[in-house]
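Peer 1: Sequence:
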Amino acid sequence: MIVTMKTIIRRGVWLALLLALPGWAMDRITGKSFATRSEIYATNGMAATSQPLATQVALDILKQGGNAIDAAIAANAMLGLVEPTGSGIGGDLFAIVWSAKDKQLYGLNASGRSPKSLTLEILQARGLDYLPPYGPLPVSVPGAVDGWFELHNKFGKLPMKDLLAPAISYGEQGFPVSELIAYYFEKNADRLAQYDGFADVYMPGGATPKTGEIFRNPALANTYRKIATDGRHAFYKGDIARTIADYMRAQDGYLTYEDMAAHTSEWIEPVSVNYRGYDLWELPPNGQGIAAQQILQMLEPHDLAAMGQTSPEYVHLFVEAKKLAFADRARFYADPDFVDVPVQELISKEYNRKRAQLIDLKKAANSVDAGNPNLEHGDTVYLTTADRYGNMVSLIQSNYRGMGSGMTPPGLGFVLQDRGQLFDLTPGRANSYAPGKRPFHTIIPAFVTKDGQPWLSFGVMGGATQPQMHAQIMINLIDFGMNLQEAGDALRIVHSNSSQPTGKTMTDGGYISLESGFPMETRRELGKRGHTIRDSVGIFGGYQAIGRDPQTGVYRGASESRKDGQASGY
1 MIVTMKTIIR RGVWLALLLA LPGWAMDRIT GKSFATRSEI YATNGMAATS QPLATQVALD
61 ILKQGGNAID AAIAANAMLG LVEPTGSGIG GDLFAIVWSA KDKQLYGLNA SGRSPKSLTL
121 EILQARGLDY LPPYGPLPVS VPGAVDGWFE LHNKFGKLPM KDLLAPAISY GEQGFPVSEL
181 IAYYFEKNAD RLAQYDGFAD VYMPGGATPK TGEIFRNPAL ANTYRKIATD GRHAFYKGDI
241 ARTIADYMRA QDGYLTYEDM AAHTSEWIEP VSVNYRGYDL WELPPNGQGI AAQQILQMLE
301 PHDLAAMGQT SPEYVHLFVE AKKLAFADRA RFYADPDFVD VPVQELISKE YNRKRAQLID
361 LKKAANSVDA GNPNLEHGDT VYLTTADRYG NMVSLIQSNY RGMGSGMTPP GLGFVLQDRG
421 QLFDLTPGRA NSYAPGKRPF HTIIPAFVTK DGQPWLSFGV MGGATQPQMH AQIMINLIDF
481 GMNLQEAGDA LRIVHSNSSQ PTGKTMTDGG YISLESGFPM ETRRELGKRG HTIRDSVGIF
541 GGYQAIGRDP QTGVYRGASE SRKDGQASGY
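Its first residue numbered 1, the sequence shown is counted upward by one per residue in UniProt numbering.
Honestly, the hints are just simulated from the structure, not real lab data. Be aware that a few hints might be false.
To be verified - Keeping only pairs whose Cα atoms sit at most 25 Å apart, straight-line, the calculated SDA-like set for lysine to any residue is:
{"no.": "1", "residue 1": "362", "residue 2": "343"}
{"no.": "2", "residue 1": "354", "residue 2": "273"}
{"no.": "3", "residue 1": "103", "residue 2": "157"}
{"no.": "4", "residue 1": "504", "residue 2": "273"}
{"no.": "5", "residue 1": "101", "residue 2": "389"}
{"no.": "6", "residue 1": "32", "residue 2": "504"}
{"no.": "7", "residue 1": "237", "residue 2": "155"}
{"no.": "8", "residue 1": "362", "residue 2": "519"}
{"no.": "9", "residue 1": "226", "residue 2": "242"}
{"no.": "10", "residue 1": "504", "residue 2": "214"}
{"no.": "11", "residue 1": "32", "residue 2": "273"}
{"no.": "12", "residue 1": "363", "residue 2": "507"}
{"no.": "13", "residue 1": "154", "residue 2": "266"}
{"no.": "14", "residue 1": "161", "residue 2": "103"}
{"no.": "15", "residue 1": "116", "residue 2": "195"}
{"no.": "16", "residue 1": "349", "residue 2": "390"}
{"no.": "17", "residue 1": "504", "residue 2": "133"}
{"no.": "18", "residue 1": "101", "residue 2": "570"}
{"no.": "19", "residue 1": "157", "residue 2": "56"}
{"no.": "20", "residue 1": "450", "residue 2": "428"}
{"no.": "21", "residue 1": "237", "residue 2": "337"}
{"no.": "22", "residue 1": "116", "residue 2": "430"}
{"no.": "23", "residue 1": "354", "residue 2": "508"}
{"no.": "24", "residue 1": "528", "residue 2": "554"}
{"no.": "25", "residue 1": "187", "residue 2": "52"}
{"no.": "26", "residue 1": "450", "residue 2": "535"}
{"no.": "27", "residue 1": "504", "residue 2": "389"}
{"no.": "28", "residue 1": "157", "residue 2": "100"}
{"no.": "29", "residue 1": "354", "residue 2": "430"}
{"no.": "30", "residue 1": "349", "residue 2": "453"}
To be verified - Per label pair, the in silico range of CB-to-CB distance:
{"no.": "31", "residue 1": "125", "residue 2": "357", "range": "43 to 49 Å"}
{"no.": "32", "residue 1": "261", "residue 2": "410", "range": "19 to 25 Å"}
{"no.": "33", "residue 1": "372", "residue 2": "222", "range": "51 to 57 Å"}
{"no.": "34", "residue 1": "239", "residue 2": "533", "range": "51 to 57 Å"}
{"no.": "35", "residue 1": "301", "residue 2": "37", "range": "31 to 37 Å"}
{"no.": "36", "residue 1": "154", "residue 2": "239", "range": "48 to 54 Å"}
{"no.": "37", "residue 1": "154", "residue 2": "277", "range": "48 to 54 Å"}
{"no.": "38", "residue 1": "570", "residue 2": "362", "range": "48 to 54 Å"}
{"no.": "39", "residue 1": "570", "residue 2": "539", "range": "51 to 57 Å"}
No residue lacks a Cβ here, since even glycine has one placed at the ideal position from N, Cα and C.
All chains should be modelled from the sequences, with the hints used to inform the complete structure.
Peer 2: The following block contains the structure:
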């Protein structure tokens, strides 16, 4: 066969065009062409986090004889150091644990409450319609550290000092900052550098660390050392709590030592729905996990596999179901200590099938009302770990809005969260602000069982993206036949501007963001159906997953390409 120069040029042009396609992952011999790599497999233990050093720390703990719970705590502490743009001990934590010994799931809600001294009347007197995203007002009690100790007391194996030792060492000696985290360092500093203490920790020499630059946080290392030595009381009743209270008082804030000292986490029962033979487990409110369950219940009667993952029919149906679930989310999801949240009704098949009847398959809805379940009845980090015993942990932890409120108490090395921004300041609603109340929460871990056996621990970080992605990951795996890596790398759909638990009501249908690999034909058809399409960057979340073969016990893991993370095992 004679290959002419003209043929070579023609083939070269086509190759260049192919390689320029969004999401193209070069030529793969196996699997989907868009996957960035294969799944990884191991038998003794596995960890998947959003930063490779944290993954390696988790594996080191497993190799030292620790279990999956120990590894998760160590990895979370490490992430608070190496990825403070999405996590840290100034924030909250939620977890789902599969106990191999008990053969059951446990749920932990380690979210903090609002200051007792801050009332709705004070906020209204300031003329506020919403709590601001930064500064002292949205700060609630940080629950993550107590979450560590609850997990450790119930399931841990190694001493806490061993679990925090790697992060302490890296904090003192330094570590090279990875690419995406360096980007978010700079973005956060644009908003937070104005607040006392922030630049002292995160802008050495006057600027945030760049990609590959060695960054040290000896203040955080010292805080970790106090926690490792003196336990959770060092954080909630000791010098750390006093430093936080003094700083907040100086910033005209309301979080007090008494708020810190009174904090407790709560062990709760995860709730599940069955989707085509697989049980998706989520934690009930004050988080938003059950929204994913509502979406799946509405979609289950449809043949999604026949539609195809990038078809306008599937995208339209998914978005319309999401709007309905989020209308319920806006009205009902809140702290169950303050309101009666009808969880079982909200996630029931009967209720969601009736809700789905409101979907017009040819036209986008501009507004949707919440249902009446009682009448129908009449910038976050995610990590997952697994060990040789069969224990698995699904853990998510965040400061909210990247690095949080900007409130950075002196000498502690971390920023306090701004979760209080998610309260509604209108009286009489489920999520209305009240002293000592947990705000509506976006961070949600997930777990899947099949026939009563652990099948998958996974999560997707990213605000209101999370329940949408939980549902999409399930659909990618079950309907579209993808493996763990493909399910995370696949193109994503995000709908924004639904009605919100903060009181905002959708009146214009919101808008859809599609990753750049979606066909133009799909975009055009969605426009014809009344959807607004808006290009967005960085809102599509970050996914980690560990699956388990119930017959062999072999683990498989995945960490997607949108973050700096890594899945690894041994």
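Peer 1: Run the distance test for residue 116 versus residue 430: straight-line Cα separation, threshold 25 Å.
Peer 2: 18 Å, holds
Peer 1: Given the hint that residue 187 pairs with residue 52, test it: the Cα-Cα distance must not exceed 25 Å.
Peer 2: Distance of about 22 Å is within 25 Å: holds.
Peer 1: Between residue 161 and residue 103, is the straight-line Cα distance small enough, at 25 Å or below?
Peer 2: 28 Å, violated
Peer 1: Can the restraint linking residue 354 and residue 430 be considered satisfied, given a maximum Cα separation of 25 Å?
Peer 2: 23 Å, holds
Peer 1: For the pair we were handed, residue 362 and residue 343, check the Cα-Cα distance against 25 Å.
Peer 2: Violated - the C-alpha atoms of residue 343 and residue 362 are around 30 Å apart, more than 25 Å.
Peer 1: Quick one, are residue 116 and residue 195 close enough, alpha carbons at most 25 Å?
Peer 2: Holds: residue 116 and residue 195 sit about 23 Å apart, inside 25 Å.
Peer 1: With respect to the beta-carbon atoms only, verify the hint that residue 570 and residue 539 lie 51 to 57 Å apart.
Peer 2: Violated, since residue 570 and residue 539 (Cβ atoms, about 34 Å apart) do not stay within the stated range.
Peer 1: Does the structure keep residue 157 and residue 56 at a Cα separation of 25 Å or less?
Peer 2: Holds. Residue 157 to residue 56 sits at ~19 Å (cutoff 25 Å).
Peer 1: Take the C-beta atom of residue 154 and the C-beta atom of residue 239, compute their distance, and say whether it sits inside 48 to 54 Å.
Peer 2: At 27 Å between Cβs, range violated.
Peer 1: For residue 528 and residue 554, compute the direct alpha-carbon distance and say whether it is at most 25 Å.
Peer 2: Violated, because 47 Å separates the two Cα atoms, which is more than 25 Å.
Peer 1: Does the structure keep residue 237 and residue 155 at a Cα separation of 25 Å or less?
Peer 2: 24 Å, holds
Peer 1: When you check the alpha-carbon spacing of residue 363 and residue 507, does it fall within 25 Å?
Peer 2: Holds, at about 15 Å.
Going through the hint list in order, the structure does not satisfy hints 1, 4, 6, 10, 11, 14, 16, 20, 24, 26, 27, 36, 37 and 39.
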